[in-house]
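Asker: Read off the chains here:
Protein chains: 2
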Amino acid sequence: MKELNVKVPAVQETSYPIIIGSGLLSKAMKMVNDKFPRYAKFIVSDICVANAGLLKTLDPQGNIPKFIINPAGEQSKTIQTVISIVEQMEKAYMGRDTVIIALGGGTVGDMAGFAAAIFKRGIPVVQIPTTTVAQADSSVGGKTGVDSTISKNAFGSFHHPAMVIIDIQTLMTLDDRQYMAGLIESVKHALIMDAEYFDFIESNIENITARKTEILEAIAEKNCRIKASVVENDPTEKNQRRALNYGHTIGHAVESASNFDLLHGESVAIGIVAAGLIEEEMSLADNAQHKRIRNILARLNMPAKIPASISQQQIIELLKRDKKAINSWPKFVLLEKIGKVHCIDNQWAIDVDEKLIRKTLPKLY
Amino acid sequence: MKELNVKVPAVQETSYPIIIGSGLLSKAMKMVNDKFPRYAKFIVSDICVANAGLLKTLDPQGNIPKFIINPAGEQSKTIQTVISIVEQMEKAYMGRDTVIIALGGGTVGDMAGFAAAIFKRGIPVVQIPTTTVAQADSSVGGKTGVDSTISKNAFGSFHHPAMVIIDIQTLMTLDDRQYMAGLIESVKHALIMDAEYFDFIESNIENITARKTEILEAIAEKNCRIKASVVENDPTEKNQRRALNYGHTIGHAVESASNFDLLHGESVAIGIVAAGLIEEEMSLADNAQHKRIRNILARLNMPAKIPASISQQQIIELLKRDKKAINSWPKFVLLEKIGKVHCIDNQWAIDVDEKLIRKTLPKLY
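These protein sequence lines are chains A and B, in that order.
All residue numbers in the first sequence are consecutive under my numbering, ending with 367.
All residue numbers in the second sequence are consecutive under my numbering, ending with 367.
It is possible that some hints are incorrect.
It does not matter which identical chain is used: a pair holds within one copy or between any two.
Said to hold, decoys possible - Only pairs whose alpha carbons sit at most 27 Å apart, straight line, appear in this in silico DSS-like list of lysine-lysine:
(1) K240 x K9
(2) K325 x K37
(3) K4 x K224
(4) K37 x K326
(5) K43 x K240
Hint data in this document are derived by calculation from the structure and do not stem from the laboratory.
Looking at chain A on its own, in the form it has when it is part of the complex (with noise of 0.2 Å):
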């Protein structure tokens, strides 16, 4: 028997800029060839943003290979959909000097970026986020994948992006409830990382729900600068970034169980409701903090129990399927206060028993 050892070197650190700005879009694919001057382009999108306008202001004449995923969101979020990509990508002879552009919400960044991930063991991706959602959260960080039959994102890798162009007017052609929904992903941000943060949404809210650019651009700003120092910390996910997961373990659960009438923010936004009771059943938290929080939640129109047609034992047996699970059962991101996370043994996410959990479903409905 004999023993050998193949190293595999290691990888020097990298960096890629965030662009944040109004009126970027028309400016972007020249950020983007000046980035790539060599590459071929292909452009990944979705009827609703090709309908909104945004494709036409990023390619005017049109001429750039592109795929435009139909129907939009999350039920065109599967690997067959990524397939269509690979294939159109390679009818159009694209080899791996190409750069791919996801301009679109979140489930077009994942896609795009996940199709990027794998195309001819990985090419560029591009990310020009349009939604609330993808600005505030999936844009940036590197996080890919696209949903099984069975569970969501069972398909996935860690692929950071090139470039993130956030350009602030594409949030104007959203409609409330998709708009507003997005946001709870800034909430989030706050809740784990920054008290001043959540004072600051919850003082601007008026201002918030009116789209007022100066203020969208702030949140921009904010929500990347969270994002970035997270990710920094734990690119794959080992420890801190998982307190990105909060309201998202049961979150994701009610989202898939919803069959997407609800949309991710929505769930989250159940899933944030939910950690809060679970934080009360295990005393961390007061009641007037929760009420805060769900303050904040009902400003932002968000649902706050798990609609009828869902049972408790779809959550449970959902939350055993989660991508997190360790021996079937998902770890659980809970605060101690606004601004901070309950860690036990420097660990951000915590384990809660599955009887906690059944004791608080009902509470949600």
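Knowing the structure of chain A, use the given hints to seat chain B on it.
Answerer: Positioned in the frame of chain A, the structure of chain B alone reads:
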């Protein structure tokens, strides 16, 4: 306009062991359990390997969850098979604390490795290669991938194994054709990196075809040392690693066009002959050298001609879709002499004009 920067932290150097011996398969699960005591185990194999009795040697009780690819071989090496593997793991409630054990040839290793790369954003894989081609080449180096309906390895990623276990005894189960074809990767290693190794193969060709254990252990070790040194220098194939592609550019096209009637090694053998003809056309190598190479390929019963059912135009079309193509045309690896790749400007893969390829192709019929 504001610009933030997100750091992507450096990744430390790591390493993984390759364990080579005779009769290791019955001890392999103990090795895996020792390395991953708290991980669930999931085996990916194929029907041929199962029928040859190797699966029973690895898992005598038959109680480790598994996915058996059926039919075996290239026709199953598709994204749809990877989807089935992932969904079977999900149905078994497997989480990120799972290690995939790939038992089989190159196609099993590629599919299991790719499934591990994308399952819930990545889990470890242990490679137990059971064919000459997988032991010589594909089990080491972290390349994973599956075919689309349009081209080979259209989907893939770099995902290094956590451990490689090479049991020479598993080669005794191969039929002659598969056994011989897999040796072409050993010939390729010698051609690109090590003239003495080529002499060794030449003078031991009878012991090799007779499957003498000692010779096979020596070859396995030699192959792993060459492959390891190349991938250590260039893990993500920026330059030197391209040398491993010798004979593969036209080889892959022929393999694809043959609809898998030809084995990978047989196609690469044709590709090596093609490379030789290109080298002659470019006055790189003399005729005596080619005779030596062709003689070894003939002793291993390899074809030297492209099947008449495949047109030259088909080959040209597939070359344009080669996953390494830049501007729709691949670069080629060529020899200066046995053991030495012809580099230009320190590049291991170089430009060869489409006209020269079109001039060479007729000589392969």
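Asker: Take the hints in turn and mark each one as holding or not.
Answerer: Hints, one by one, checked against the model:
Proximity of K240 and K9 under a CA criterion of 27 Å is satisfied in both settings, with 23 Å inside one chain copy and 17 Å between copies. In this assembly of identical chains, K325 and K37 lie within 27 Å of each other by CA distance solely across copies; the values are 22 Å between and 35 Å within a copy. In this assembly of identical chains, the alpha carbons of K4 and K224 lie at most 27 Å apart only when taken from different copies (12 Å versus 54 Å within one copy). For the homomeric pair K37 and K326, the shortest alpha-carbon distance between copies (21 Å) is at most 27 Å, but the shortest distance inside one copy (35 Å) is not.
For the identical chains of this complex, K43 and K240 are inter-copy neighbours only, at 21 Å across copies versus 34 Å inside a copy, given an alpha-carbon limit of 27 Å.
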